[in-house]
Amino acid sequence: MRCGLVCLLAVLGLFGCDALLFRTPIYPSYLEPDSSTGQFELILRREQTAQTLNGDNLVATLGNSRFAYAPRLSNEITFRTGYAFRHAGVAGSDVRTWYYMLRDLDPAASRYRAIVFGLDDFDDEDGLFDPNDDMRSLHYVIARLRWSDAWDFARSFDSRRLQFEALRGALLKGFVYQADFRAFLSDPRKRIDYVQLCRRGYESWTYDYVETNNSLAGLEVDWSAWTAKYPPGTDQDQRDTIRNFLMRKPAPQIGRIANYRRLWFGRILDRYRGSRTRIIFIRLPRGPLPRPDDAARKASGSVLEFAARPNVLLCDEHAFDSLEHPELFRDALHLNRDGIARFSPMLAEKIRSMLGPSTQR
Amino acid sequence: MLFNTTTFFIFLAVVLVLFYSSPRPWRKYILLVASYYFYASWNPKFIALLLTLTVIDYTAGMWLEKVSAARARKAVLILSLTANLGFLGFFKYYNFLGRNLALLLGRPENAFFLDIVLPLGISFHTFQSISYVVDVYRGQQKAVRNPIDYALFICFFPQLVAGPIVRARHFFHDLLDWHSPSTDDVSRGLMLMTLGLTKKMAFADQFARIANDYFGHVAANPGMLTAWSGVFAFGLQIYFDFSGYTDMAIGMALLLGFHFPVNFRRPYLASSITDFWRRWHISLSTWLRDYLYIPLGGNRGGRWRTYRNLMLTMLLGGLWHGASWNFVIWGGYQGALLSVERVFRGDRPVGEGRPWLYPLKAIVTFALALVGWVFFRSANLTESLAVLRQMFAGAPGHILLEPWHWGLAGVSLVVALGEEHSEWLERLTKAPVLAYASGLAVMFFFLEMFGAFDVAIPFIYFQF
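So the protein lines, in turn, are chains W and F.
Residues in the first sequence are numbered consecutively from 1064, following the working numbering.
Residues in the second sequence are numbered consecutively from 64, following the working numbering.
Please note: incorrect hints may appear among the correct ones.
So these bits of chain F aren't anywhere near chain W, every CB distance computed over 12 Å [unchecked claim]:
#, residue
1, L114
2, I179
3, I211
4, D247
5, Q269
6, R341
7, R405
8, G409
9, W467
10, P495
11, F507
12, F513
13, F516
Taking CB as the label site, the calculated pair distances span [said to hold, decoys possible]:
#, chain 1, residue 1, chain 2, residue 2, range
14, W, T1115, F, P466, 49 to 59 Å
15, F, G473, W, I1089, 20 to 30 Å
16, F, P466, W, I1089, 42 to 52 Å
Read the hints as simulated data drawn from the structure, not as lab findings.
Please read all numbers here as calculations on a predicted model, not as lab measurements.
From the three backbone atoms N, C-alpha and C, an ideal C-beta is built for every residue, glycine too.
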């Protein structure tokens, strides 16, 4: 009896310590800014601050690093579009993490005029990688997870091992913060100083960020033989992205991405059902050279299904095809400075045309 | 099935439920089956070896009690020892001897090589078997009639693979007169299980990363501070790893109603090497004392005989750990230190002296222990010498430990000093519920924040 009580209290004590440190702002405020969680939290806080500084003509964009545009350039034509653009995208993230980002960024589901999701493709193309089992999600959203999310979040993983890890992490966040916490203990002063520096500078660093002007000009791909001719001076990273992304071999199409998108975009759309916020999907410039459309037999287009919902808008798939040139990409995935300079105003104009004139109060 | 895995905890939970929900006469059968299952989960083939040794020593025990003629008794003892040491020698030392013989004969190093897998825990259960047969021979232990009881003594899963080496009289006292564990026992058991798991996962495995990095790339890590910090990391790893395992073994035995002897008593607080060996792997050092050092004559034959006996005991103790010259040298080093210490100490009892000198003595003893660990951990003699060269004559180098590692070491030192003076961990188990639960919660939290969950580092002593 005594031992049972001791065990119970000890477990409660563990949850209490964990909650005190990691479910209050005490520790999450001092996460390593360059970590996945730290980046996610910095972006979330930056956008929460931006909400207070802007009116009700805000448009939030969400995506991974492929959604490379400069809100600063889009906002240079706000006088014409009437909308202020903010980017809440996180490199390496996906729709599961965007769901948790939006839930805390826009708790009442009404703050934005539109939320724009940038996707590689409206069709659902499965890759070799199972998005359900992307463990990075846990690290991105750990500070956002609530007790009530634990079971549901863990079940969104396919593998039993990852389900266990996710459940453990969602219940006891210390398991996920371990490495960060130990690094913090190694030099708390340095961490605190760096966090404070990031808090002061992050808005301007990111808003005024200027992308490199490297390009893939001269890249040629023979799609009949799936071979590439690299331009002189192409570095290893660029070659890797060309090989692994642009020229990836089609994987068996088993509907994994479709299910994943239906689940997580479905949840986002459900949150915004009846809201004034429009949900917009755009297809990002696919790459320096478009892959052949028939490279993979895509069985579905879940985004097209979402278009049937009242507050969902689909941007013309080919709206940004004109940017798919090697000279506008720094590697096979990302637009370069020139590409961003063209894409940003194009995006703003396109969104304005879809939303109609701003009714800024 | 490592003690620090979910699989093992599920296994333990099932065993505990089956054990306590079964009628009392069935319980030892449950433990026996569970123990064989536990052993078979590593390598089922060696169950046969375990059974063979069990049958031999059980029979030897029975014969020793039946036979009264001194010669016959001695013959039975020799037969049993030959079988035990024969198996141990073949599995553990054959290739070592073969390699050295080949070198002596000028043959290729692998001329006599056999692909032998070392059965898990053979060194431990062999010593346990030997102690039983010798005790029966000496008349200090009655032969066990029930083969199930004897089989359980040999294969009891909490201590089967890495000790502590339990004496027959302790084990059978608990088994034959089994009582449900008291509340104190369960409290202590839970505390020890948690403490052991924390020691292993939050301390040993974290220091293991540094030690493995260092000893895996000695040539690439030159420098005096580098070498000392790598060896320091190993020194902490091996202590937390082995004592963590032992704590868990003692803890789970308590939950099952068995009492194992203490195996570690804060060895790095020792004030001399003699003191160190009274605190480190106590079940082995007392075994070596009772079955080797004393039969060799102990300290009864004069000074030089004492030194000889110390050296022989420690050399064999070193060799017990593993079949390599490094372990022999490690044993010899320990024997030499014990002998030198005895020269200076004379007949004065250990620990006597000026109290204000204690910190210095403890630091020197710790440093000497660290030097010994170089031979223990290095892959071969050449590597050991390279590490020692760096430790004593290297360029400054850099410290491999990060500040939080020092934090861990500091916490463990504070806990050990507190425990040394007031045995507060023991008292905590008897403290009010809230205090005890808080202690456990702190350990759980430590485990959560510092436990190495992303790697599975086996217990060091499993290889012996």
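Hints, verified against the model:
no. : hint                            : result
1   : L114                            : 35 Å, holds
2   : I179                            : 34 Å, holds
3   : I211                            : 29 Å, holds
4   : D247                            : 10 Å, violated
5   : Q269                            : 9 Å, violated
6   : R341                            : 32 Å, holds
7   : R405                            : 44 Å, holds
8   : G409                            : 47 Å, holds
9   : W467                            : 4 Å, violated
10  : P495                            : 10 Å, violated
11  : F507                            : 4 Å, violated
12  : F513                            : 7 Å, violated
13  : F516                            : 7 Å, violated
14  : W/T1115 with F/P466: 49 to 59 Å : 38 Å, violated
15  : F/G473 with W/I1089: 20 to 30 Å : 23 Å, holds
16  : F/P466 with W/I1089: 42 to 52 Å : 20 Å, violated
When each numbered hint is compared with the structure, violations occur for hints 4, 5, 9, 10, 11, 12, 13, 14, 16.
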